[in-house]
Structure formats: C-alpha cells, structure tokens
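Those sequence lines, one after another, are chains A and B. In my numbering, each residue carries its 1-based index in the first sequence increased by 830. In my numbering, each residue carries its 1-based index in the second sequence increased by 77.
Worth flagging that the hints you see were computed from the coordinates, not collected in a lab. Be careful, since some hints might not be right.
No farther apart than 27 Å at their CA atoms in a straight line, the calculated lysine-lysine pairs in the BS3-like style are these [what the hints assert, rightly or not]: (1) A:Lys833 / B:Lys214; (2) A:Lys848 / B:Lys217; (3) A:Lys833 / B:Lys190.
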Amino acid sequence: MLKLLIEKELRDAFGSTKFVVTFAVSAVLVLLAFFTGAQNYHTQRAQYEAAVAESMRGMEGLTTQEYMMLRPLALLAPEPLAVLVSGVSNDIGRTTEVRGQGMLVAEGSRYSEQPIYAAFRILDLSFIFQVVLALFAILFAFDAISGEKERGTLRLSLANAVPRGTYLLGKYLGAFLAMTLALAVPLLLGCVILQVMDVPLSGADWGRLGLIVIGGMLYLGVVLGLALWVSASTQRSSTAFLVLLVCWIVGVLVWPRASVLLAGRAVEVPSRDAIMAEINRFQRQQFEESLSSLMDIIPRESGEDGPSAEAIEEFQKRQQELADAREAEGSAFRARVQEDRINRLRVQEQWALRAARLSPATTFSLASSTLAGTSLAMKERYQESTLAYQEAFDRYLREKSGSSQGGGIRIMLRSGDEDDEPEELINLQELPAFTTQPVLFGDVMGHALLDFGLLLLFNLISLAGGFVAFLRYDVR
Amino acid sequence: MTTTTTQPLLEAEHLTKRYEDGVLALDNVSFTVSPGQIYAMLGGNGAGKSTAINLFLNFIEPTDGEARIDGIASHRDPLAAKARVAYVSEQVRLYPSFTAIQNVDFFARLAGKTSYTREDYRQALLRVGLQPEAHDKRLKGFSKGMQQKTGIAIAILKDAPAILLDEPTSGLDPKAGREFVRLLQDLRDEGKAILMSTHDLFRAKEVADMVGIMNQGRLVMQRTRDELHGEDLEALYVRYMAGYMEG
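Please model the entire structure based on the sequences and the hints provided.
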C-alpha cells in the first residue's frame, strides 16, 4: 500500500511543472555554487600563498641583531568546504600579525576587503538548501491534502481501505523522494566539478560534504512535513500556501535574526571599545613605568666603546625579567577586564543559538557550517592556532635572542665589539610555521550531532502534527 | 425485480447525524440494501442523502445509530467496512496528469486488486462506454461525462459486494445515462447491493428495487418496486415532500 502511494506520488510529481522547475532551478543553482565555489577556492588559495610569500619577503634582510623586528603573519588558509558552506569564513579576520607576546588581533576579513559580497552574501550550498529548496519543498507539498480534497481525489482514495497514516506517510515519502531525485543529479555533477577542478578534498572532507547534504535533506524533510501538516489543517490549498509562506518568512528570514536581537536585549555586553580603552590606558601607564624602571637600570658607566658586553648582557637579562613581569601583569589585566565581557558574550551567544535553533533553517545552517568547519568555532580555532603559534614564536625568539617581544618598551644596547662583528641574516627557514588546527571529522560530527538530532525531532514533530490533523480532517 | 431475503449488505439502523453547529442532517434513518438489490434514495438538496453515504464511508461519525457494510459498523472498523464497498461520487475527479488506464490502475491497486492486467482495465473502461482511443489519454482533456465513466470503471474494478453511488448520472448525457442504467442492472444481476442517491426520478423508477424519499434528514417514504407499480413516482415525490413540509 505504502509503495503504491509513493509510486503514485512520484509519477504525479514527475509529470508536473513544479518538478521540472525544481529540477531546472536547483540544477542551475547547485552547479553554479559548486563551479564558483571551486573557482573561488583556487583564487583564495593563490591569494593566501601570495600573502604567505609576502609575509616572508617582508622579514627578509633582518639580521640576527633584529630578532625583535620579526613580525610574522599567521594567515588563515582557505578551507575547501568553506566555499560550499561559507558560514562565518568570510566575516572573520584572516590575517594576524604575531608578536612574541601581547594581544593578537585578526584583521582583513574577505567581506571587509570586498564589501560588495557582504552586501549580497554568497550563493552557497547552505543558502540554496535553506532558502531556495525550502520554497520548492513547500511548492511540492502545500496542496498534498487540501489540493486532493479540492480536486475530489481525496474522497475517492479514502473510500478505500487506506489508513490515513499510511496515506500521509506515502505523501511525505513520495514528495521527499521526488525532491531527492531532483537534487541528486545536480549534486553528483557538482562533485564531479570539484574533482575536475582539482579542489583538494580528503576522504573525511567528502564524508563531511555527504553529511551536509544529508542534513539538507533532513531539513527539507521538516519543511515537507510542515507543509503536509498545514495542508491537512486547511480546507483550501491557497490558504495552506499562504500560511506556509508566512512560516518560511518567519523561519528562514525573521526568527534567526530576531533570536540574536532578543539575546542581545536579554544579556547586555560591554562594548569592545570601552574594554580596549581601559586596556590602552593600562598599557600607557605600563609604558611610562617601563621607561622609568629601564632608565634606573640602564648601564651608566661608559668608556670609549660604550657599556661593556657584560654590562649589556646584565642589562638585557634584567630588562627581560622586567618585561616578563610586565607582560604577566598586562596579560592578567587584559584577562580580568575581558573576562566579564567574554562571559557575557558566551551567555548571549548561547541564548541566541538556543532560540535560533527553534527554526529548522537555523538548525540546518548551524549543522552545515559546523561540518564545513565554518561555524562560530572557526574563529576560536583560528585564535587558538594563533595563540599556539605565538607561544612557539616566543620560544623561538627567546632561544635565538634571549629576549621576547612583549612587556612594553625595549632598549637595545650594543657594545662596540658587536659593531665589528659581521651582521648575519636571520634564517627565516627556522621560523616556526603557522598551521591552523585541522577540522577533525569526529569533532565536528560530535558538535553537529545535536543539530542532526534536532532536525530528526522536527521531522517527527511535523509528521506527528500532520498525522493528528489528518485524522481529524474533514474529507467531504 | 425480486427483493432478496438474504442478509443485507448495506444497513442503516437509526442512523442520526447532528453536526457541531446543531444542524440535524440525518434523523433516525433506517433502511437495508440486500445483495442483488438497487436502492434509490431520492430527495432535494440538503435532504440527507450525501450525509448517509458519508456515514457509510466513515467520512463523518454518526451521532447515533450505525451504518453497516456487510455487517461491519463503518465507524467501528472503517477499513474493513470500506474494503467491502465501492464508491462513485457526484463529480468524479481523477488525477489529470494520469491517463485513464493509469487512474484505474492506481485506484484498483489501492483497493487491493493487484492481479488485473492492462487488458482488464481496457475491458472495464469499454464496459462503461469509454472509447478505446481515450484509454491512454491524460484526463486533462476529459469531459465531465468521460471522467464519470472512468470513475464508474474504478468502482467496477474494485469488485466490492456493495456499491455507493452519489448522484452518479449527474455528468452523463442521455445516451450515457441509458448505458449506465443497463450497467447498474448488470451489476445487480451479479449480486451487488447498490445504494444510489439521485434526483433523477425517471431513472430511479426504471432501475430501483426500492425507493426511499428523504426530506430534511428523515426518510419519509420507502416503497418496493412492486409497491410503486402503477404509481406516478413524480407525483408521489412531490406529495411526500410537500406533505412532510406541511406536516
């Protein structure tokens, strides 16, 4: 019985204009997203490699007396999957100038460099599922029950020994399969495009891409279920369409933004500018104190060749101790003044995400960006990587020069003997290389599990709602 | 035609339906239709004919009484009851993107008839008077009458012991109507119990073994063909309708 109902739905769908339109539009959009995504990846890769080379070029020519002048850049490499699900990858800064110690600030997001993209955002796979295909899912199912009633076929079908639950499930699975088939060909062709255009995807990356598509199908399942529910709750298909359009607008466009606004209202966060002003005040004060304390310990005795090498070494050692102490003090101060803001930001973010997840569109968006490695965690991952790199760079500096770059003002003293020594260039090959933490399949899957569970739950709720509504449906 | 004495296949027993808004659509109606019998239910719009059929199909639940198909109360075991009845609605509407054959195939299989061949479908469509050249055409271009014939073919293919017909001749031209009467007689001869709601007094008198007149939810008259012999059904109908209204 169920098989027959699914077959009928598929046959009905295949002969319909909406299937042809869905197939054509989704094919164009999906292929476009994969093609431009692959192109963008190569462009971004080339830009990244050029920036890395430029960063090294900028440090060329520095001598071993100038370790303190080293300013390597920690550049965020483009992720192949980010071009299909951009998430926050275009919003966050991708370049961090690293000092051995002190605050790190990432700058140069793609949207800040190319604001036109920020104005219109990117056409990616997540957008296609979330916005376009959700609309097509509504088109597929808004008249599933009320339309059959209007056509008069519902009475004839239910005059047979057909359980209403089976009938509804047949409608759901039929529409779901029709949508799957309409999408399967473009998606497979899209994968071929990625291969042909040499986008380097590992086995785990393909697995993540597969899960993103499964997440998208689960999301479309929710929309289909909701469409059936509404269709089984209305007597006219035009009413069902109107209600679903409102649901789409609220779920896709309004609620995610409203959640962030509501969370912003509920949890107030001190502005970053106020915190930075406080930190700057503290740093200015530290600078003055540093200058004064350094003047106290600077070697005074001087011969023809200036302070002796021993005096300079002693001064450098003492200066480093003071710098380390100041850095520790500064770091503790920054942590203290930022702690409240960071905690409030986290609470605000949690509330926003909790509320936004009530919309299946957001749940899918979060699941897909998590799997693509472009969720909010991307920024944290990059920050952690730059902090780890900062530590490695600091170790390198201490090892090579006996000093670090932090702790405020530094006074460089050189003995006359050193002037006679030939200047040796810094071997940049010895600089630690910056690498970002890789996106691990197990990790992202663990994080995406909640959203997958929610999408499944939404499917069950929408189907159960549709079932209850259909049991009470007046078929006359 | 003879009235059989076997167990009735369709039974309305004190069937009553009052809607939530208080409207009494059916008021204590009782009648039976036995195998090999055609029962014509006459009455104006809103008399309760369609309500009775809806109760047999469990599209609505009775407020009181029972509608039974082959002894099974529709509201207690709707699936078992509906497995024993075929149905033709007043305006048969089928899937417009399917051909006539595809439509009858779907509904036959939905009724659990999986052994039919394409030839069986063609024979059923021919039997109801649908021309062979229309069999493989999509229903988009079908007239009301052609759709009605396809709907009747679907009911025949279900091969259920009972048949419910809700104004079945409303979309048919006189010739098709005549063919339909012959078809009904054949089905009766095959032992089907047929309940037909209709406005068509002429065809009711021609084909029915039992005629019931309904007015404002009540069965105000019920007579066998023999009892109606020599009577002017039209005059009787008008009298009962008016009388009931006056009374």
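Hints, verified against the model:
1. For the hint linking A:Lys833 to B:Lys214, the alpha-carbon distance of about 25 Å falls within 27 Å, and the restraint holds.
2. Of the supplied pair hints, the one linking A:Lys848 and B:Lys217 holds, its CA atoms being roughly 17 Å apart against a limit of 27 Å.
3. At roughly 14 Å between alpha-carbon atoms, A:Lys833 and B:Lys190 fall within 27 Å of each other, so this suggested pair holds.
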